[in-house]
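Just so you know, the sequence shown maps onto residues 1 to 240 in this note's numbering.
To be clear, the hints were calculated from the coordinates, so they are not data collected in a lab.
Since we're looking at a predicted model, the values are computed, not measured.
C-beta: ideal position from N, C-alpha, C; glycine also.
Among these hints, one or two may not hold up.
As the list claims (entries may be wrong) - In the EDC-like style, the derived pairs of lysine to aspartate or glutamate whose C-alpha atoms are separated by at most 20 Å in a straight line are:
#, residue 1, residue 2
1, Lys154, Asp164
2, Lys154, Glu119
3, Lys121, Asp229
4, Lys154, Asp196
5, Lys154, Asp95
6, Lys121, Glu82
7, Lys121, Asp196
8, Lys154, Asp120
9, Lys121, Glu77
10, Lys121, Asp80
11, Lys154, Asp118
12, Lys121, Asp95
13, Lys154, Glu179
Said to hold, decoys possible - Beta-carbon label-pair distances, calculated as ranges:
#, residue 1, residue 2, range
14, Thr116, Leu192, 35 to 41 Å
15, Gly194, Pro142, 21 to 27 Å
16, Gly194, Leu106, 15 to 21 Å
17, Thr81, Gly141, 20 to 26 Å
18, Glu179, Ser158, 44 to 50 Å
19, Thr116, Thr159, 19 to 25 Å
20, Pro47, Tyr151, 18 to 24 Å
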Amino acid sequence: MRHIEQLVILSCAITAMFLSATAAGAMQGGGSGRMVNPTTAEVGIAPDVSVYGASVGFGRRWETFRVSVVIPYYVVENSDTENGLGDVRVLGEWDIVPPAQQRLSLIGSLLWKVPTADEDKGLGTGESDVGAFAEFDYTVGPNKPFFSFGYIRKGDTSTVDYRDTWLYSLGVSHYVGAEEVYASFDVRQSVLPGVDDTQLLSAGWLHNLSTRQTLRLDGSIGLNSASPDTLINIEFITWF
Numbered sequence: 001m002r003h004i005e006q007l008v009i010l011s012c013a014i015t016a017m018f019l020s021a022t023a024a025g026a027m028q029g030g031g032s033g034r035m036v037n038p039t040t041a042e043v044g045i046a047p048d049v050s051v052y053g054a055s056v057g058f059g060r061r062w063e064t065f066r067v068s069v070v071i072p073y074y075v076v077e078n079s080d081t082e083n084g085l086g087d088v089r090v091l092g093e094w095d096i097v098p099p100a101q102q103r104l105s106l107i108g109s110l111l112w113k114v115p116t117a118d119e120d121k122g123l124g125t126g127e128s129d130v131g132a133f134a135e136f137d138y139t140v141g142p143n144k145p146f147f148s149f150g151y152i153r154k155g156d157t158s159t160v161d162y163r164d165t166w167l168y169s170l171g172v173s174h175y176v177g178a179e180e181v182y183a184s185f186d187v188r189q190s191v192l193p194g195v196d197d198t199q200l201l202s203a204g205w206l207h208n209l210s211t212r213q214t215l216r217l218d219g220s221i222g223l224n225s226a227s228p229d230t231l232i233n234i235e236f237i238t239w240f
């Protein structure tokens, strides 16, 4: 529990540092990265585990394209408690069809998971993964139903031959000023044959602290015995 308290303090400190920033309008349809935070984290695919994370990152935004690098720190509670640096995530996103009222939009993204986590602590596999994702949205007033799917090519270890996996997500976002709140049902195909797929009920909050800074809080609960019990992550990104 001491590690969780430290993580809570760190998360509160990140929040307190930036909540005084001037709020900007919500970035509807841009930069969400819902499917890779924290659903695709290595620490979030094991059953009977609770994961608490705090992440910092930086990125560059153009009109319809974004690139970001996120560095996570995790506390993992299972039969034992472990903590440490997670796998760094490099994500590129492209608004292929930019969002507009009462029109279908499309976001495409590519993920590179850099193996910086300690595999001996169960925080990663020690191998690189790459993934590709697509998200379809339809904006109606302040609401945006969405459907996402993706494919992750897993890096195999010397002892485990992981199965490449599909991911699916169905949900809705709601915008109020600089705030975005969303809820979704998420499914991830198991990386090991004979194991049930992961099923999560997720909710999140995204706040644009300024034109250059975003704060996100994500939470998920597992819906079957193959899923983690709880996933909670807070993330702060500075954009250039």
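Evaluated hints:
{"no.": "1", "hint": "Lys154 with Asp164", "in the structure": "holds, 5 Å"}
{"no.": "2", "hint": "Lys154 with Glu119", "in the structure": "holds, 15 Å"}
{"no.": "3", "hint": "Lys121 with Asp229", "in the structure": "holds, 18 Å"}
{"no.": "4", "hint": "Lys154 with Asp196", "in the structure": "holds, 17 Å"}
{"no.": "5", "hint": "Lys154 with Asp95", "in the structure": "violated, 26 Å"}
{"no.": "6", "hint": "Lys121 with Glu82", "in the structure": "holds, 6 Å"}
{"no.": "7", "hint": "Lys121 with Asp196", "in the structure": "violated, 23 Å"}
{"no.": "8", "hint": "Lys154 with Asp120", "in the structure": "holds, 18 Å"}
{"no.": "9", "hint": "Lys121 with Glu77", "in the structure": "holds, 11 Å"}
{"no.": "10", "hint": "Lys121 with Asp80", "in the structure": "holds, 10 Å"}
{"no.": "11", "hint": "Lys154 with Asp118", "in the structure": "holds, 17 Å"}
{"no.": "12", "hint": "Lys121 with Asp95", "in the structure": "violated, 37 Å"}
{"no.": "13", "hint": "Lys154 with Glu179", "in the structure": "violated, 34 Å"}
{"no.": "14", "hint": "Thr116 with Leu192: 35 to 41 Å", "in the structure": "violated, 23 Å"}
{"no.": "15", "hint": "Gly194 with Pro142: 21 to 27 Å", "in the structure": "violated, 44 Å"}
{"no.": "16", "hint": "Gly194 with Leu106: 15 to 21 Å", "in the structure": "violated, 35 Å"}
{"no.": "17", "hint": "Thr81 with Gly141: 20 to 26 Å", "in the structure": "violated, 44 Å"}
{"no.": "18", "hint": "Glu179 with Ser158: 44 to 50 Å", "in the structure": "holds, 46 Å"}
{"no.": "19", "hint": "Thr116 with Thr159: 19 to 25 Å", "in the structure": "holds, 20 Å"}
{"no.": "20", "hint": "Pro47 with Tyr151: 18 to 24 Å", "in the structure": "holds, 22 Å"}
Comparing the model with each earlier hint shows violations of hints 5, 7, 12, 13, 14, 15, 16, 17; every other hint is respected.
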